[in-house]
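Line by line, the protein sequences are chains A and B. For the first sequence, our numbering begins at 1 and goes up steadily by one. For the second sequence, our numbering begins at 1001 and goes up steadily by one.
Some hints here could point you the wrong way.
Below, a list of computed lysine-lysine pairs in the DSBU-like style, where the Cα atoms sit at most 35 Å apart [unchecked claim]:
no., chain 1, residue 1, chain 2, residue 2
1, B, Lys1134, A, Lys59
2, B, Lys1155, B, Lys1134
3, A, Lys4, B, Lys1085
4, A, Lys59, A, Lys106
5, A, Lys4, A, Lys59
6, B, Lys1054, A, Lys106
7, A, Lys166, B, Lys1134
8, B, Lys1162, A, Lys92
9, A, Lys95, A, Lys106
10, B, Lys1149, A, Lys67
11, A, Lys106, B, Lys1074
12, A, Lys171, A, Lys70
13, B, Lys1149, B, Lys1162
14, A, Lys30, A, Lys171
15, B, Lys1149, A, Lys36
16, A, Lys95, B, Lys1054
17, B, Lys1162, A, Lys59
18, A, Lys110, A, Lys166
19, A, Lys67, A, Lys171
20, B, Lys1054, A, Lys152
21, A, Lys4, A, Lys67
22, A, Lys106, A, Lys67
23, A, Lys95, A, Lys111
24, A, Lys152, B, Lys1041
25, A, Lys70, A, Lys111
26, A, Lys36, B, Lys1054
Here chain B is said to cover these stretches of chain A; the calculated rule only asks that three of the stretch's residues, wherever they fall, bring their Cβ under 8 Å from a Cβ of chain B [said to hold, decoys possible]:
no., segment
27, 36-46
28, 131-142
None of these hints come from the bench; they were simulated from the model. We put the CB at the ideal spot given by N, CA and C, even for glycine.
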Amino acid sequence: MLNKRRVLTLLVPFIIFIIGAVLLATPLLKGSDPSKLDSALVGQTVPAFTLQDIYDENKQYDASIFKGQKMLLNVWATWCPTCYAEHTYLNKLAKQGLYIVGMNYKDNRKKAIRWLNDLNDPYQISLFDQNGMLGMDLGVYGAPETFLIDSKGIIQYRHVGDLNEKVWNDKLLAIYEGME
Amino acid sequence: MTFNKNSMLMALMLSFSLMLFSHNSQAAIDTFEFDNAQQEKTFHELTKLLRCPKCQNNNIADSNAELAKDLRNKTYELVTQGQTKEQVIDYMVARFGNFVRYDPPVTPITIFLWLGPALFIIFGLLVLFRQIKKQPTKATVLDTEEQEKLQKLLKQHVKDTK
């Protein structure tokens, strides 16, 4: 009896070790990327801004464009190779009838327009954020980033990095379908 | 004017050492001008405390990333506007989350970082205390037979060493 208790006591460090190992190994094996951060703005409305249309300097938009229907906000730039990679998929989503707002982030206007003309324009509205002002308020730390915004203008999710079929079907679609 | 070799050498050495000491340890060379020394101090404290979200394990003072530059500029802007350290940190956290702080706040999730080591020490002391208490205290008193044996051995030893 006493011996049994002793064995159990001695097993305690081993059990603690196993728990620790499992806790540390899970994110590793799941392949979660530590460079992908959750947005601090989830649950909040899109911050106030005034930005020009990418095609037309005289046309300006503010945060009210994010209300009325659920949509995607895609942050992109011509200097970003991953944005090039995901552009085809964005066109596909736009064809399916998704409402996508584009935000050109810290970029050159001419280059951006050329890009949209050459590769097709999936965006209903294209914002031109040359100084990264809205980018800063949205906590953008790289491109591409894609925000899911519900019809009330509240940010529900942010995806960092390439948007492709797998990411969309595995993760974003469910969130998008679940939004009002 | 009278120059001699020694004074020339001294001057050279002095200027060289000044060059060494004035070398800025920050990776990025920005030219920021401040209204007062307090603001400059706040700015440097903040850029050391704020973590660059893009580069993961750099603060924004050490990082050359484009984003770190933006954050330094924003920090400068806010500090020169007269905002306090806390206000600037709040501004950054509201946008980039607690990840941006190298000095994390105490929350229900992070509380273990503070309590963990203390709990560990307390647990260790408890185990140690119990072990000590468990150990039977051995009798050091010898009975007569053992006493005789000891005396004999001692005598033997004294004889041998003579």
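Going through the hints against the structure:
{"no.": "1", "hint": "Lys1134(B) x Lys59(A)", "verdict": "83 Å, violated"}
{"no.": "2", "hint": "Lys1155(B) x Lys1134(B)", "verdict": "38 Å, violated"}
{"no.": "3", "hint": "Lys4(A) x Lys1085(B)", "verdict": "58 Å, violated"}
{"no.": "4", "hint": "Lys59(A) x Lys106(A)", "verdict": "18 Å, holds"}
{"no.": "5", "hint": "Lys4(A) x Lys59(A)", "verdict": "79 Å, violated"}
{"no.": "6", "hint": "Lys1054(B) x Lys106(A)", "verdict": "15 Å, holds"}
{"no.": "7", "hint": "Lys166(A) x Lys1134(B)", "verdict": "61 Å, violated"}
{"no.": "8", "hint": "Lys1162(B) x Lys92(A)", "verdict": "106 Å, violated"}
{"no.": "9", "hint": "Lys95(A) x Lys106(A)", "verdict": "27 Å, holds"}
{"no.": "10", "hint": "Lys1149(B) x Lys67(A)", "verdict": "100 Å, violated"}
{"no.": "11", "hint": "Lys106(A) x Lys1074(B)", "verdict": "15 Å, holds"}
{"no.": "12", "hint": "Lys171(A) x Lys70(A)", "verdict": "16 Å, holds"}
{"no.": "13", "hint": "Lys1149(B) x Lys1162(B)", "verdict": "20 Å, holds"}
{"no.": "14", "hint": "Lys30(A) x Lys171(A)", "verdict": "14 Å, holds"}
{"no.": "15", "hint": "Lys1149(B) x Lys36(A)", "verdict": "78 Å, violated"}
{"no.": "16", "hint": "Lys95(A) x Lys1054(B)", "verdict": "32 Å, holds"}
{"no.": "17", "hint": "Lys1162(B) x Lys59(A)", "verdict": "115 Å, violated"}
{"no.": "18", "hint": "Lys110(A) x Lys166(A)", "verdict": "32 Å, holds"}
{"no.": "19", "hint": "Lys67(A) x Lys171(A)", "verdict": "23 Å, holds"}
{"no.": "20", "hint": "Lys1054(B) x Lys152(A)", "verdict": "30 Å, holds"}
{"no.": "21", "hint": "Lys4(A) x Lys67(A)", "verdict": "66 Å, violated"}
{"no.": "22", "hint": "Lys106(A) x Lys67(A)", "verdict": "25 Å, holds"}
{"no.": "23", "hint": "Lys95(A) x Lys111(A)", "verdict": "24 Å, holds"}
{"no.": "24", "hint": "Lys152(A) x Lys1041(B)", "verdict": "42 Å, violated"}
{"no.": "25", "hint": "Lys70(A) x Lys111(A)", "verdict": "29 Å, holds"}
{"no.": "26", "hint": "Lys36(A) x Lys1054(B)", "verdict": "9 Å, holds"}
{"no.": "27", "hint": "36-46", "verdict": "holds (count 5)"}
{"no.": "28", "hint": "131-142", "verdict": "holds (count 7)"}
Figure legend: structure checked against the earlier numbered hints; hints not met, in rising order: 1, 2, 3, 5, 7, 8, 10, 15, 17, 21, 24.
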